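S.K.: Sequence:
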Amino acid sequence: MRRTLPVLALCLALLSSSAAVEAAPEPPPVETAPGAAPAFSTFSYGKHARQNITVYGDRSGHPALMILHGGSWLRDTDWSGWARWFAARGFTVYDTDYRLASDAAWPAQRDDVLAALRWIKRRGGGTPVVLGSSAGGHLAVSAGAYGAGRKRVRAVAALSPVASPYRAWSDGGLTAASSAQRGLRLAAERLAGCSPARGGQRCLARWEDLAAKSHASGKDDPPMLLTHSAADFVPVAHSTDLAHAQSEAGRRDVTVRIEPGSAHGGALLKKPALAQAVLKWLRKRSAP
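With mature numbering (1 follows the signal peptide of the UniProt record, and there is no 0) applied, the sequence shown corresponds to residues -23 to -1, 1 to 265, in that order.
Just so you know, these hints were derived from the structure itself, not from any lab.
Hints are not guaranteed to be accurate.
[To be verified] Calculated lysine to aspartate or glutamate pairs in the EDC-like style (CA-CA distance at most 20 Å, straight line):
{"hint": "1", "residue 1": "K196", "residue 2": "D218"}
{"hint": "2", "residue 1": "K128", "residue 2": "D88"}
{"hint": "3", "residue 1": "K196", "residue 2": "E225"}
{"hint": "4", "residue 1": "K247", "residue 2": "E236"}
{"hint": "5", "residue 1": "K98", "residue 2": "D35"}
{"hint": "6", "residue 1": "K247", "residue 2": "D55"}
{"hint": "7", "residue 1": "K257", "residue 2": "E225"}
{"hint": "8", "residue 1": "K196", "residue 2": "D230"}
{"hint": "9", "residue 1": "K24", "residue 2": "D88"}
{"hint": "10", "residue 1": "K98", "residue 2": "D197"}
{"hint": "11", "residue 1": "K128", "residue 2": "E236"}
{"hint": "12", "residue 1": "K248", "residue 2": "D55"}
{"hint": "13", "residue 1": "K261", "residue 2": "D218"}
{"hint": "14", "residue 1": "K248", "residue 2": "E236"}
{"hint": "15", "residue 1": "K98", "residue 2": "D88"}
{"hint": "16", "residue 1": "K257", "residue 2": "D230"}
{"hint": "17", "residue 1": "K128", "residue 2": "D197"}
{"hint": "18", "residue 1": "K247", "residue 2": "D197"}
As the structure is a computational prediction, the values presented were derived from the model and not from experiment.
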C-alpha cells in the first residue's frame, strides 16, 4: 500500500532502539508478477485516517486475502509488492492499515482489524484468509483467536508473529537482549499503554488480553500456519505457546514452521520455497 501518512513523532530513544525491529518498507517479492500489475483502489472502513484498505486484483469469485503489515505497532510498512504478487496468483487482496500505538492504545488495533473484516464481508469478500507479519502477525492471530474467530477468519498465516507482547517485553529486558528485542520491549509497552512492572490489576489484565493464547478457543478458531526463523529475534516460543493453547482447547490444525537463518517477518518470504509454501497453504484453506 502507498503510505503517505506521517507517523507521529516519538521520543528519540524509542525511535533509535526500535528502528531495527522491522525495516520499512519490507522487501518486495523475489518474483515479479506476470503480466500487467493488478489494479488497486483504496477505501475507508472507519473515520480515522489510518483506517483504510487498498484492494488489489478486485475480481468477483476470487478468494479474499487480508494482509496486515508489521512495524512494531508504531510504523507503517509497505506490503504493496506482496499484495500485487498474491493478487496476480488469484486472490483479491485487502492490504489493511490500522491505528498505530501512537494513535491509540490496545485494543484499538484489534478493534480495527475486526472492523476491517466486517467491511470486507459487507463488500462481498466473505470470510478471508489472513496473512500477518510481526506486529501484524500478532493482530492476525489475535483476530483469529478472539471469540469464535473462525466465523470471521478462514485461516491465518503469520510470519514471526509477536503472539505474546508480554514475552517480547520480558525478553527485551534481559541483559543479553539484542537492540531489536529492546526496541520491541518499548514498542509493546507503548501498545499496552502501561508497564507490567509498575501497573496495577487493570494494566496486567490488558497485557493478558494482548496475548493471543489467552483467547484460544480451539475448534472455534481457524487453522494457523506460524513461521519463524531459527534465530528470529521474535523466538518461536511465541508460536509454540499459542499452538499448545489451541491444542489444549481442541484445535489441532496449528502448524509451527522454523526456517534456517535469522530473517524476520516479511523478509522470510524472500525464500522462494517458503513463499510458495505459504501461497499453497493459503490457497488450500481459502477454498469453500
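S.K.: State for each hint whether it applies.
M.R.: Now for the hints, and whether the structure bears them out:
no.: 1; hint: K196 to D218; in the structure: holds, 17 Å
no.: 2; hint: K128 to D88; in the structure: holds, 16 Å
no.: 3; hint: K196 to E225; in the structure: holds, 10 Å
no.: 4; hint: K247 to E236; in the structure: holds, 12 Å
no.: 5; hint: K98 to D35; in the structure: holds, 14 Å
no.: 6; hint: K247 to D55; in the structure: holds, 15 Å
no.: 7; hint: K257 to E225; in the structure: violated, 27 Å
no.: 8; hint: K196 to D230; in the structure: holds, 9 Å
no.: 9; hint: K24 to D88; in the structure: holds, 13 Å
no.: 10; hint: K98 to D197; in the structure: holds, 19 Å
no.: 11; hint: K128 to E236; in the structure: violated, 30 Å
no.: 12; hint: K248 to D55; in the structure: holds, 18 Å
no.: 13; hint: K261 to D218; in the structure: violated, 25 Å
no.: 14; hint: K248 to E236; in the structure: holds, 9 Å
no.: 15; hint: K98 to D88; in the structure: holds, 15 Å
no.: 16; hint: K257 to D230; in the structure: holds, 16 Å
no.: 17; hint: K128 to D197; in the structure: holds, 8 Å
no.: 18; hint: K247 to D197; in the structure: violated, 32 Å
Violation of the numbered hints given earlier is confined to hints 7, 11, 13, 18; the remaining hints are satisfied by the structure.
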